[in-house]
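Enquirer: Letter by letter, the chains look like this.
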Amino acid sequence: MKNLATRKLGRGFIAAVMMTCLAFAGPALARKPAKKKKKSKPAATKKAEAKPAKPVEVKPAETKPAAVPVTAESIKAPGDADILEAETVAVQPVLGVGAGANVAWYDIANYAKLAKVDKASAKEVASLAIAVPKAVDKGFGFAGASGAKDIRVLQFSIALGALPALLRAGAGKSAKKYAGMLKANKGALAVLSPASRSAAELMITSAASGRNLAKLNKFFLAEALKAGVRGVSAGPQRAHGYYIAGVWAGGALLYGMLGGNNTYADMAEPIAIMLDKDASFGGSDRALATRLRTIAKQLRAKKPDVRAIKSELAAMMKVSADQK
Amino acid sequence: MSTASTMFAAWDVRRSASSRGLVVALLLALGLGAACSPTNQWRDQTLALKAQGYAFKGTKLRKVAWSGSGVWIDEHTMVTNAHVATRALRLRGTDDRGQRYRFTKVLAIDGANDIAVLHARRGNEDVSTELVDERPEDPKDLRGTKVLAIGNTGGQGLSVYNGQVTNYLRRGRYENIVHSADISSGSSGGPLWDDSGRLLGINKSINLRLRQSFATPAWVVKRVLRKGRRNDGASLKEAFSPRKLPMAFSVKRRFCLNPGQKIVAPIAVVGTADIVAAVKFKTAGTPLFFGLVRGRSIMSKGLLTKNLFAAWGTPGPGVYKVVLVNPKKMTKQACGIVGLGRVAWEKRLK
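Respectively, the protein sequence lines represent chains A and B.
Once you know that position 262 of the first sequence is 262 in my numbering, the rest is easy, because the numbers rise by one and skip nothing.
Just add 324 to the spot in the second sequence (first one is 1) and you have my numbering.
Bound conformation, chain A alone (with noise of 0.2 angstroms):
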């Protein structure tokens, strides 16, 4: 067979070629023609016509060269096609990167200590509604199916992303009680990381206990975010994914109330695209990715509007999973 092919083409090196690939691919080829049958016929005649089989013949135009393999070398610089069309697949955002280890974190913190409050933002945050969702009926087993149980992820940081808001509002009694809810319902954490799960606890402890309030302010939405990037690493991706979009979501308004962040706001972008783009995600995180980029438009406002991320968060809250 391997002669025959030769021979017609004549030339040495597709012969090579197609030797190296036959070796490969030669037992396939040999039983596909075995494959081409007629149209199977009743089983009574079929019997009746049974002949030894023929060998099989390959004709060399029937015989198609495998792909030529593509070597690392053969590769050349991409052009911008390459890069932008492709088709992406995984999405890992990074938040807060710096010249210095905790640059961003100090940054985004510091501003939180020294921005002053404004009084009517402040009001409208003090009368944040948010409802707590509940971690029910059997121990951490939510109806439904998995999604469900990252949104239930969602909901829940969110509120927990408003803890330091609403004690920087001065509605230090809303804040506890949230806490409280939180507290009783943290088992909707329970897929995320440990590291994720103790950033969370901290800052509830912190808000029903109104200790450390002044780090909960500063620090412990960072310490969140950070532990949440890890854990969109490390998996369960998506829960985290939902995770750090809440936490993110909920700790806007207090930006919001402090006349807006930068830094801040940069870090709604890679959320955004990891809502957006990721292939784990599915069509309701499209949406979120949405309200993110709007909620982050308006920290970069001259004066941002606090009621417009507070309707955000509320279409937040409402957004349903997608599995069914």
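FYI, nobody ran anything at the bench for these hints, they're computed from the structure.
Beta carbons: idealized from backbone N, C-alpha and C, even for Gly.
Careful: at least some of the hints might be erroneous.
Unchecked claim - Selected chain B positions facing chain A (Cβ under 7 angstroms, derived; list incomplete):
no., residue
1, Ala436
2, Leu493
3, Ser574
4, Arg577
5, Lys586
6, Ile587
7, Ala589
8, Val594
9, Gly595
10, Leu627
11, Pro651
Given the coordinates of chain A, assemble chain B onto it according to the supplied hints.
Expert: This is chain B only, laid out in the frame that chain A set:
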């Protein structure tokens, strides 16, 4: 007259020169001119820096030059910001009298507090800068202290700014003096003098929304100086060589890409940073395209063929996307681990 008050006199004189000629005349008449030398001490102590080095552009390097400020601590030691010294292969300084100096050795870098200590010889000229080297019992008491900031604004030479300390912030070893002196670009690494003429801090950043400036306190600088004096240091070329980069990863992520697929890592960068993406291949013979994208425009692109990294100097804050693509032409899946983070120069001098 103390160095400090004379310094502020100089500062006042500078201000008056534009609008209060009479005051200048009076001061001179009062004989303050006799104190001219200490009055103008900052002119010998403060430096306008010019650096020549490189910036990362994926797997390539690009020559660049930039400006900053610095301050002499003694006749051998100069302090500036880590972000001014980093990646500089040549660093020159000029004081306000036109005297030029060359710095070739770096003794210490503290990335978190943004401080770099460099070595040079001033020749025969002595200089001694007094630092506020002890943290006050309550640093918040510094609020209200009048300050003078000097900076090489826009690389055009030394400019003088006045203000006062508005706050003090601390988180562990990370400390900040917040002040209202309206410094601008090029002032990084410049001195912040208190009203006694002591070095209170080293300016490092500004926040336009808050209209506040940030400086690393002098007692933190002293800590870095102490460390620097213990070190032999390294030449600029050794410390900032682009080979075998020291890296600090924020996150590591496994990936498996079929031909024509990509993984995207959007990175929110604060200030300026040298971001890095290092890839460890798990499958042999599977090259990857890489790119750094901002918005829809590709800032840099290339090919990774072995266990390699790509680094980029970001021109400013914002969101940058690191993209890794398994080329469409390939027939194999490409798997590996990508580490994303920054170049941690300070590791070189630990």
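Enquirer: Once the shortest beta carbon distance from Ala436 (chain B) to chain A is found, is it less than 7 angstroms?
Expert: holds (4 angstroms)
Enquirer: Is the hint on Leu493 (chain B) kept, meaning its closest Cβ partner in chain A is under 7 angstroms away?
Expert: With a closest approach of 5 angstroms, the Leu493 (chain B) hint holds.
Enquirer: If you take the shortest Cβ to Cβ gap from Ile587 (chain B) to chain A, is it below 7 angstroms?
Expert: holds (4 angstroms)
Enquirer: For the hint on Lys586 (chain B), just tell me whether its beta-carbon gets within less than 7 angstroms of chain A.
Expert: Since chain A brings a Cβ to about 4 angstroms from Lys586 (chain B), closer than 7 angstroms, the hint holds.
Enquirer: Quick one, is the Arg577 (chain B) hint okay against chain A at 7 angstroms, beta carbons?
Expert: At 4 angstroms from the nearest chain A Cβ, Arg577 (chain B) passes the 7 angstroms test, so the hint holds.
Enquirer: Given Ala589 (chain B) as an interface hint, is its Cβ closer than 7 angstroms to any Cβ of chain A?
Expert: Cβ of Ala589 (chain B) sits 5 angstroms from chain A, so the hint holds.
Enquirer: Holds or violated: Leu627 (chain B) as interface residue toward chain A, Cβ cutoff 7 angstroms?
Expert: Holds. Min distance 6 angstroms.
Enquirer: Regarding the hint that Ser574 (chain B) lies at the interface with chain A, is the smallest CB-CB distance below 7 angstroms?
Expert: Holds - the Cβ of Ser574 (chain B) comes within 7 angstroms of chain A, reaching about 5 angstroms at its closest.
Enquirer: Please check whether Val594 (chain B) passes as an interface residue: C-beta within 7 angstroms of a C-beta belonging to chain A.
Expert: holds (4 angstroms)
Enquirer: Could you check if Pro651 (chain B) really has its C-beta closer than 7 angstroms to a C-beta on chain A?
Expert: holds (5 angstroms)
Enquirer: Hint Gly595 (chain B) vs chain A: min CB-CB distance below 7 angstroms?
Expert: This interface hint holds because 5 angstroms falls under the 7 angstroms limit.
Hint compliance for this structure: no hint is broken.
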